[in-house]
Each structure stands twice: as C-alpha cells, then as structure tokens.
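Asks: Starting from the known structure of chain A, arrange chain R on it as the hints suggest.
Below, each chain spelled out in residue letters.
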Amino acid sequence: MTETLTTALIEMREDDVLAAVRAATEAGTSPAGIIAGLQAGMKTIGDKYEAGEYFLSELIMSAEIFKRALAELGLDQSAAGTGTRGTVILGTVHTDIHDIGKNIVASVLSANGFKVVDLGVDVPAQRFLDAARENDARVIGLSCLLTTAFPAMRETIATFAAAGLRDQVSIIIGGGPVNADLALQLGADGAGISAQEAVILAAKAVEGGVA
Amino acid sequence: MIAPSNDPRWERLRKAVALEPVDKVPVCLEGVAWSARVAGMSLEEFLSDPNKATQAEIDSFKLVGNADCVNNPTFAAATLSFMWMTGVKRPGFELGPDEPWQVEESGLMTPEDYDTILEVGWPAFQAQFLNERIRPGLLEEFIAFLEKGPSVIEQVTAADMPYLCFAVIIQPFESLCGGRTFTQFILDLYRTPDKVEQVMQAMLPGMNDAAIAGAAALGSPGVWVGGWRSASRMLAQPLWDRFVWPYVTELVAQVDAAGLIPILHFDSDWTRDLPRLLELPAGKCILSLDSMTDIRKAKEILGDHMCIMGDVPPALLSSGTPEQVYEHCSKLVADIGPTGFILQSGCDIPVDAPLANVKAMSDAAADAAS
Chain A
1 MTETLTTALI
11 EMREDDVLAA
21 VRAATEAGTS
31 PAGIIAGLQA
41 GMKTIGDKYE
51 AGEYFLSELI
61 MSAEIFKRAL
71 AELGLDQSAA
81 GTGTRGTVIL
91 GTVHTDIHDI
101 GKNIVASVLS
111 ANGFKVVDLG
121 VDVPAQRFLD
131 AARENDARVI
141 GLSCLLTTAF
151 PAMRETIATF
161 AAAGLRDQVS
171 IIIGGGPVNA
181 DLALQLGADG
191 AGISAQEAVI
201 LAAKAVEGGV
211 A
Chain R
1 MIAPSNDPRW
11 ERLRKAVALE
21 PVDKVPVCLE
31 GVAWSARVAG
41 MSLEEFLSDP
51 NKATQAEIDS
61 FKLVGNADCV
71 NNPTFAAATL
81 SFMWMTGVKR
91 PGFELGPDEP
101 WQVEESGLMT
111 PEDYDTILEV
121 GWPAFQAQFL
131 NERIRPGLLE
141 EFIAFLEKGP
151 SVIEQVTAAD
161 MPYLCFAVII
171 QPFESLCGGR
181 TFTQFILDLY
191 RTPDKVEQVM
201 QAMLPGMNDA
211 AIAGAAALGS
221 PGVWVGGWRS
231 ASRMLAQPLW
241 DRFVWPYVTE
251 LVAQVDAAGL
261 IPILHFDSDW
271 TRDLPRLLEL
281 PAGKCILSLD
291 SMTDIRKAKE
301 ILGDHMCIMG
311 DVPPALLSSG
321 TPEQVYEHCS
331 KLVADIGPTG
341 FILQSGCDIP
351 VDAPLANVKA
361 MSDAAADAAS
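First to last, the sequence lines map onto chains A and R.
Reminder that position 101 of the first sequence reads as 101 in this note's numbering, one-by-one numbering, no gaps.
Reminder that position 14 of the second sequence reads as 14 in this note's numbering, one-by-one numbering, no gaps.
Chain R extracted, bound-state conformation:
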C-alpha cells in the first residue's frame, strides 16, 4: 500500500491507485537494462551487484528528471530462472559484456517431473531443479540477491526515489509452461489436463508466501502478479478459465490480504478477459499493460474499478522520434487519464531507447497537467 504523503509523487501514485483525482498523471520508469545503458554501466556490471543495478536506476531516474517513480528498484537475472525454470544467457558469461540478457527456453522439465512435484513438493523440486538442471549455485545466487533487499531499499530511500515493487509472484502456469516450453505445455493441457491441474493445485499453497512476506517486511508498496504466457490470446477460453484465472484471483487475494498493491503485470493480449478483472477488489490493483491489450477497452471496462498503467510501445520508444513519443503519450494521457492512470512503457523500456524518448514520455504527462 501507499500511505498518504507530503511528497507529491507518492501522493499522485496513491491517488492513482485509489482512483482519486490527481494534479498530474504520474509517470513510472520500468527499464532495468535501459537504466544501465543510460547510466553508462555495462549490463555485466549491472547484474554483478543488486546495489549497482539500483544505482543505475537512480542515475537514470535523475536524468529523466520529472518522472514520479521507478517500477522495480533492482534486478537479478536469476529471478527469470526462478520464475520460468529456464536458463538465462547473461552478459559477461554466455554473451558479450553489454548484450541484453535473454531467457533460453529449452524444455528442461519432463512429463515425469509432474509426478516428482506431487511426490516431493514444489519447493524441494524447484531448489533441486535450479541447481542441477539449470546451473550449479543458481539457488544460492537468487537467495543472495534477496538478502540484498534491505540495502537496496535504504539506497532508494536515501536517493529519494519512489518505487512500486520489490517482488514478483507468478502462477503455477508460468513456471510449468517455462519449464516444459510453451508448445509442449499447451499439448500437456490438452492431453493430460487432470494431471497438470493436480500439480498446479499442489504447487499453489505456499508457493509465493515468502515473496509476499518479504515484500511486506521491506515496505514495498506492491507486488507484481505476473502474467506472460498465460495471456488470454494464448489460450482457448476453457483452458484459461481452468488453468489461469482461479490462480490469478487467489494470488491477488494473497497480496491484498498482506496490505500490498497487486500489480497485474500482464504482457501480451488480455483483451478478451478484461471483464473478468471486475471480480478483483476495487480500487486496490494496478493493471500494467504492454501495448498488446487494448488499453482503451481496458479503460472503458475497468476505468472505475482499477488503476491502469502503460503502455507506450517498446518499438516506439526504441525507434521513434521524441516528437512521435510525445504525441503518442499525450494522447494516452488524454484518453486514459487523468484519474486512475500511470503512464509507463509497455513492459520494459527497451535497452536501446534514447534518453530523449523517455524524457518525451515524461514531459507529455507534465505538460498535460500544466
């Protein structure tokens, strides 16, 4: 949650989530790799230490000047393996020192693993999987990253940089789908639906307890409830109704019960199922879109129910001119704001987006307010 504050940036964010009038549409910077590039730090160095990553975010936040917050105040590539049960090619290791990290989906999880998960439980299976099938020491690396949480929060507080979220939680669908590969997992859903459902139900209890408790202990305003491969466009309605939505609603309830903002980080196209989001608690969530979902339809259906965040297209931020970005963002602010809207990139700001384009995004919100 966000407490009432004398800081106008925090206050804008609080009001945006609560669907109250704001003096200006708040702007959020979500661009972990981008921040390194803008701050003149190699991606290898950025990933080498969570505090270095945070410093890059602070530096880029200052360079933009008039944004209101960042989304995640730090980053570790190990998080991606933890979420999707996949390898990640990293700058300075498998890639050149300044090449962007990339998830490598290679089907490390087998159909037999479904039975193993039922037998030993998800936490034990995941711990063994990370170190034995992806990379030795990966679990310890991820834990070391989490242990840096308090110093990261001290760092952003000292830099006076508001942020939204320190934790990501996901549904069983995302982990199993990443581990099996997208195509194989879809086939599993058709061929062995009861088995997959049994595994998902076994995974869910406690799967995200530590992440939610950790975020709450750090004072994080919100927690990402992630959805990538589980988007509406990916799945037939009966599959989505059975394997996605019940788990999303449960995770949102868990985050809300902890007093945190569920940030629905929904990549790809969720347009079909936007009306279902009315089932989530009113005035509590942020729906973060990546430009694939129809944001205007989202506003029409959910504008009185939850805050919407997004969705400047990555291609525009990467390849457009500042004038094009400014025009696009001004229209977004006019159409989706001012109430219940946070202007942000669609998912991450691309690593190669010029600083001038991100400034143009932030300026569009500032100018609309003045």
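Here chain A stands alone, though its shape is the one from the complex:
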C-alpha cells in the first residue's frame, strides 16, 4: 500500500497520493507507516534532484503534496514526527526582504524531516540567537539576495560567537550571490546553493557536528 503512495509522490500525482493515504488509513496502516512511505518518496525525489533528473519545481510540488498528505492524516508537519531530524532556524538577514528562496528551503527542509522555525525577512542578528536558544537548535540558515546583506550575515555569525554558542551550531548561508568562498570568508560552515543542498548540509550538521 505504501509503495503505491511512494510511487505516486515521486511522480507528482497529487490526487493519487491523497487517495492512497485515505486507502492506507482505511486498511489500518498506522500514521507512522504512512509517513514513512511519504518520506521514502521525498528521499527518492531528493536523490533525483542531486542526479540532475529533477529540478526545483519537483521539490516544491512534492513538498506541497507531502503537506497535504499530512493534513489528510489530521497532522501538521511539526506534529508528524518531521522534527525528528532536528530544528533549523531560518531567516533572511537584516536589511534584506527577499524571501522566495528562503520559503522554498523551508518547505523542502520540512518535507525532509526537519522542524523549521522561519523568522521571516529583515531579521536582526539577536533574533537568530534568541530563536536558537529557545528551540535548542543546532542548525541556523541565513538567507540573502543582496550583497549588501553580507555584513549582516557576518554580524549574525559574530553574535553567536560572542554568546559562546558558535561551536554548538552549524551556520549555513544561502541565496543568489552566495557561494562556498563567501561562506569561508564570512566564517559560516557551508553554503547551500540549492534547497536540496540545504537539506544535505542540515543533515550533516545534525548527524555529524558542523557541516
């Protein structure tokens, strides 16, 4: 039963996924079993993205189907065991209001088992720190589109260092102008140049220390 569900998700057949969720529920499959089937589909979709077979549209659509499937079970993403891989604090840094990329990363992280605390846009450094403490988070995602926001990224990283938390969190930067060289320059632990790469970096961070 869950194989049907997994395949339908991989093929982006939204109605078939929802029908399969209903059928599995009626057949007595536990919510945990259904979620496992969905997450197997998300894993395959991520692998296909990495292999260049799938693109951003599939990541977005599958994350949406995943969310609707959970709703069909009467669950939301945070209550569905999807926070079990860890918590990510995410936001667009101070002075920058762009959020297209950040929102996509939030959806894809959630659908891949992370609890995401999205702080929105134009987020001051202290708010990232406060949110990390409140949620006991080990992964911080800083987004920007403007190069003029690089100093705000640097300041945010410095704020964690000044609070003595720098070694306890992995800070990942992302956004249009961001690359690995910039991550090194700013003192971040990695640069996620795609939503799927953000998932990989976040997974590395929670499973094996800093990315």
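Since the hints were derived computationally from the structure, they do not count as laboratory data.
Every residue, glycine too, gets a C-beta built ideally from N, C-alpha and C.
It is possible that part of the hints are untrue.
[What the hints assert, rightly or not] DMTMM-like, lysine to aspartate or glutamate: derived pairs with alpha carbons at most 20 Å apart: (1) 331/R x 352/R; (2) 195/R x 15/A; (3) 195/R x 134/A; (4) 359/R x 112/R; (5) 195/R x 300/R; (6) 284/R x 304/R; (7) 297/R x 26/A; (8) 67/A x 273/R; (9) 48/A x 304/R; (10) 89/R x 134/A; (11) 67/A x 14/A; (12) 331/R x 181/A; (13) 48/A x 26/A.
[What the hints assert, rightly or not] From the derived model, a few chain A residues whose C-beta atoms are all more than 10 Å from chain R: (14) 4; (15) 25; (16) 86; (17) 160; (18) 163; (19) 176; (20) 178.
Replies: For chain R alone, coordinates are given in the frame of chain A:
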C-alpha cells in the same frame, strides 16, 4: 543592431555579436545602482529622474575609464513592478535614502485573475492591477519614465557613451510567476496547466510590441529578453518545454524581425537547456549569464552560434580584492574570448562593489589585448 563604426568601442561590440575577430574583448558595465554609489548620488535621487540616473551611469563609466559600453543607460523601479506584477520597496519611500530597492513578492495575483485576463485581455488587466493592487499612479509613473527615452538617448550620445539596450521584454511566465509568487505559480503549473497555458497564449500577442517598437524608434541596439524565474534549474523539463521555451523563441523572433539584438538576460542556471539555444538565429543574439550557468559549457555548445556575455560573480565584485577580480577576469577572457565574448558582471554589478574591483575587471580585458 549595431552599424559599422569608426568608434573602436562600437566596432568591437558589433564584431562580438557577429562572431568576428576583435582587437580586444569589449567590456560592458551593467550596474545601475552601483553607478549611483560610485558617482556619489543617493539611490533616492538616482530613482527620482531618469536623466539623473543616466548622469550617474555616465560619471561611473568615465571613472572606470576603459570600458566599452554600459548595458542599460537608465533605470526606473517601476519597471520591476511592470515586469513582475509585484510591489517594490524604494529608497526614500519604504526604505532609507540610500538603501537598495527590493522586489517584494507578496502574491497580489489570485487564481481568479486567470479568468479575468482571458476576459478583459492582458493590457487592461495589467493597467488596472498596477494602480489598484500595487500603488496608485504606478502606471503613469512608468509611462513618464518611457517618455524620457529620447532625452536619455540624447544625453548618452552627447556623453559619447555606447550602450546596448533601452528596453526589457519578458515572457508571460515571468509576469504571472511574479504576481502569483514563485511557489504558488509552480503549483498552478502542476494543478491547472491548461488554464495557465490558455492565459499565456492570450497574453503573448502584442504583449511586447510597444517595447520593441519604442526601442527601435530610439535607435537602441538591442532589447533584453529576460529570463529569471523561468530558468532551467527552476523547472522540470516538460514544464520548461511547454511554458517557457516556445515563448522565448517567439520573443527572440520578434526582436530580430525589428532589426534589434535579442539580449538573452538569463539569470540563474540554464545549463541543462543550452543546446536548445542553437534553435535561435545564428550571429544575432547575446547570451548574458550571471555566473550560475556554466559559461564554459555555454562556450563549448554555443561559441560558434551566439555572443556570450558575463559573468563575473557578484560576490567576487562585492567582497573580493582587485587582484582576485583581475585574475578571475583574465581567465574568463582567455577561456571564453576573444571572439564572441563581452566581459561583464554576472547580472548587475553589486551596489557595494568597490570601484577598484570594476576597474580590475575592465583592465583584465585591456591587458589581455595588449
């Protein structure tokens, strides 16, 4: 188009587009906000008058000294709303006087708007949308900007500053995607593909006629055919084949038929579909890349077919040293040039890029020629 000229800068540009040998790889400055910063003008003042914006571009062009042209000779924030059906936060209004303008994608367009577009047509829908859902007076502001075109061209001609383009045209995909938000529009493409396609086909005829005719009347060498959200990396192949490529080819044909250079301003990653660009007319287009597409792959596939422009990474121009910029650009000139290549930043020069870094970019091309 660019006519044969005694001015070596224009001649380099003409030959680069025509894939003929050049004495030096031409350098183009695309940095509207950056020009204001370098010229000592606040971004609020820069946006207050198209001629002031042009003056900043002229001043920064002179400060660099050995560049060959600028890309766009002026700018208006209203253009961004016109293209993407979104609000824009502006310096001096929603932002501080020298903070960079920012597109604010907030999903002002609803699914019901697809039917409205089919009912009333795109021009009427767009005019009403701009003034009623984004900001009163926005359409008039955009028209006033366009009406300044002739005086801007007089200004750049008097300053002896070559430029490439005075108009931007876009596919229906970009406008609908901006209006709906990227994520919602992707979901629309999966859930209601036939409706979206019907709307796109209704929008396309005449959508860009005025921009192309206006550019031709002003004597603009080229017209941007923009692609941002419609990049290959964003879309599954079947979606891109259906909702992007047919419209790009049609727009390129329209610009080419008007005797203008289609400047494919393709941001993000188009690597997957580079072979498709061989379907566009040979020796006519400029492919402008922003450092996300593999420019060396573009050269390998398209080097004998179209001029390539780009793609110095914005982060390097903003945060690198002049030596790093020079080294990167020297390698670009060696690898992608000299024939069929224009050295430029990847998309805009960032507003905070030091002048020394932009000079280093331009010097790299000059030194390679000598």
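Asks: Hint by hint, say whether it matches the structure.
Replies: Going through the hints against the structure:
| no. | hint | verdict |
| --- | --- | --- |
| 1 | 331/R x 352/R | violated (24 Å) |
| 2 | 195/R x 15/A | holds (18 Å) |
| 3 | 195/R x 134/A | violated (45 Å) |
| 4 | 359/R x 112/R | violated (50 Å) |
| 5 | 195/R x 300/R | violated (38 Å) |
| 6 | 284/R x 304/R | holds (11 Å) |
| 7 | 297/R x 26/A | violated (52 Å) |
| 8 | 67/A x 273/R | violated (31 Å) |
| 9 | 48/A x 304/R | violated (33 Å) |
| 10 | 89/R x 134/A | violated (32 Å) |
| 11 | 67/A x 14/A | holds (11 Å) |
| 12 | 331/R x 181/A | holds (18 Å) |
| 13 | 48/A x 26/A | violated (31 Å) |
| 14 | 4 | holds (19 Å) |
| 15 | 25 | holds (23 Å) |
| 16 | 86 | holds (23 Å) |
| 17 | 160 | holds (20 Å) |
| 18 | 163 | holds (25 Å) |
| 19 | 176 | violated (8 Å) |
| 20 | 178 | violated (7 Å) |
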